[in-house]
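Residue numbers (this note's numbering), protein chains in the order written: chain Z, 1 to 260; chain W, 1 to 331; chain D, 1 to 292.
Rather than coming from a laboratory, the hints here were simulated on the basis of the structure.
Glycine residues also receive a C-beta, built at the ideal position from the N, C-alpha and C atoms.
Be aware that a few hints might be false.
Label pairs and their computed distance ranges (CB to CB) [as the list claims (entries may be wrong)]:
id	chain 1	residue 1	chain 2	residue 2	range
1	Z	S73	D	L4	38 to 44 Å
2	Z	R67	W	R317	38 to 44 Å
3	W	W140	D	T134	36 to 42 Å
4	D	P124	W	L321	41 to 47 Å
5	D	G170	W	A179	57 to 63 Å
Partial list, computed: chain W residues near chain D (C-beta under 8 Å) [stated by the list, open to error]:
id	residue
6	A129
7	L204
8	H291
9	L300
10	L306
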Amino acid sequence: MTEPALVVRSLCKNYGGFAVTRNVDLELPRGARHALIGPNGAGKTTLVGLISGAIAANSGTIELFGRDITTISAAQRVKQGLVRTFQVNSLFPRLSVFQNIFLACSEARGISQRMLGRTSGQKPIIGQVEAILELLGLSADAGRPVATIAYGRQRLVELGIALALEPRVLLLDEPAAGVPSVEVPLLINAIDRLGEDITILLIEHDMQIVQRFARTMTVLAEGQVIASGAPDVVMASEQVRSVYLGKSGHQRFESGKAHA
Amino acid sequence: MSVDRAFYNAAERNRFGLLEILFWLCPIAAFFLFPTSLSFATHVLIMALFAMSLGLILSFAGIVTLGHAAFFGLGAYVTALLSLAGYQEPITATFLGGAAAAVLALIIGPLLLRLTGLPLMMVTLALGAVMFEAANKLGWITGGENGLGDLRYQPVLGIFRWSIYGQTAYFYTLAWLFALFLLTRSLVASPFGLALQGIRENPLRMNLIGAPVTGHLVRVYTISAFIAGIAGALSAQATGFVGLDVLSVDLSINALVMLVLGGVGNIYGGLVGGALYIVLRNLASDWNPYHWMFVIGAFLVVVVLLGQNGVIGIVERLTSLISGKRKETSP
Amino acid sequence: MDYLVSSLTFIAIYGVSYGMVIFLISIGLVITMGLMRVINLAHGAFAAIGGYLCTALVSSYKLNFYLAVVVATLSVALLSLIVERGIYRQIYRKSELDQVLLTIGLAFITVASLNFLFGPNVVPSQLPADLSGTVELLGRDVQMYRLFVVAVGLVVVVALWALFNWTMFGASLRAAVDNPSMAQAAGIDVSRLFTLAFALGSGLAALGGAVGYGMLPLEPLYPFKYLIIIMIVVALSGFGNMRSAAAVSIAVGVVDTAGRYFFPTYGAFIIYVFVILYLLAQIEGSPLRRKS
């Protein structure tokens, strides 16, 4: 019997009198492929912020593999294997793709304080970086400064940094945001290839991506969980259809299904 | 597989190529070419070392400070006071000067380096001003405006006497410069050096990948202060004198100008710029100092507006031009 | 007792008048820093140019001092308009280092030019004779000049207050300081606004340089000599908070004067140490902050 990867209980966050996260419960078993969806302003990004530690919760608890992490800093959560990506790229623009990912690997492996020995001599880490580049199809761009590659590829670097941090639980905050549609398959394939040992929570607007990815999902509206479970069940729920999808959403939803 | 080492860390680019060997032959050549100007040449080396210490934190970690002279000055005064107290073994005295500066950096760094931008410049400027005023007011220790003179040191390694022509001082300084250069070069090429560049590019993200940002910065700041302190100590030993100017705001700002003259982003920037600045300043020594100031001011404005990167930038452009032509001609 | 009252009067008058000069010279930088987040180490140069121009107008062209102050102020405002459009505009988007280097360069050029035009020494005072008289105030002879400076400072404070609170320009400026991109979106021409604010700030600095002669004598190195005190006001005002700038300037003036009055040897330190502690205390997670 093993404990779940991530458990969120009764999480609340208010700004002034305005509740953006209301009593959210969420449980991800190990290896989960869980999608978090909801209309704009539902509080999805806030929830990721709360779980990753960027924002402090007003009440509730967060457990990572049975350990309470509610009060520890974002950096400490990363060390424990809880890693997120950002909706807007936050990279090291003048460093190369390789170096961006190397930085994350060297922090995760604790060699970033090594002052003796060249970077090029760190064989095990270099191997690890090369494996990540390979996985994400970034090998060809490895030597180019991140600022000079296409936006869609920069999103892959963002994902690469997260993978380099050796995540056990990965929070992907709209990985396809701003990516031109021709480059989206690149990203989906990369996410598909992530190991089963990584537990993933995906936030996404694009139902096509959600359909393909999710084995379970949660719908958030006005800061509250309104449905959770297997995609078929959730999507069939009248409440989800009326509260979240509406009529136009319904169509988007059905078209997404057709593509999947 | 022959991958360019700069692929892993841009700071690994220099590996004793022809250009680097030629560069280090210059100070040797200077010894034979200008045997009567060795004390001036020593001053050139010291300023190159000081500018290199500033380059370490500015080029690689993005720390912009207006108070680096505090470390240079502290190193100089500590070494001078040791000499006056009777401690005259030169190598350890130089080392202690650097160590004192490093200790100061280690104390103020953890608080200081959480600041960035203008607040950081303000505090470093104010700290520099405090150090200067303190040295000025504590005349019974520092000699105030008269400074500390007639400093004496034992022969280096018990063999080489400090001659009036300054051969010993020259080679002694050159040895320190080269050793600290090697240290700096290996530092920036290491994973730690790459982490510093990550902080320079995006400190917030570095924090979020779990990096001890302030810790990294304090470490490099302390090392830079150590080098600056050594430079100050060497100036005390080479001239046998320490005056208030070693702590002046002018010196802090001049170091910045030297670095920009040489080129930001490369460890040679400080070395080239520091040496060039002092040599040019000397060539223009008959000038009114204000005319020199005008030239430097105009230089800074032009450099920023044209987006040029000092002498190193020009050399890099030339070499890429040459190698680019080569590529065109080769099949 | 008499000694105490007389000392306090001295500190109050001299401290406040000194604070007023600092205010005039610094307020422009407080505004522009808040608006464009540009690091301008050449701000003191405008004060120096204003002071020199005023002095030259009086000594060479026998212009009335008060008229010369006005002419100098307006001329520097006009000059700064050109400098802002021609040079500063290029560095708003550049790195901090570039901003520092360019503005230090401009300050160097100013220092060298002032030396070329007026020589390396302190230029003789051109303050009119009617300001050198004294009046007795609470048992102490006080220079008319000090009272004149306080009066000028008060007029400017009130005028700025009216400008910021009652005019469209002021409202736009406050909005832009709070949130430049929001102001832009709301249809405010932030770039034009900044040019005007820059000219206003430089003009006030010139005014400070001209009337402040008695406290900050004019010499070529002026832009660097008083750089630290200007930066102190900017930092303590909270980088762009115009409202606190006047209070901070006067506090700095009084503290500095009191420090030098009571501890002539170490007076200069007090203000530096105070600033360092204050700034360090602002840092998130600073031990200085936790204590307070």
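Structure versus earlier hints, numbers of those that do not hold, lowest first: 1, 2, 4, 7, 10
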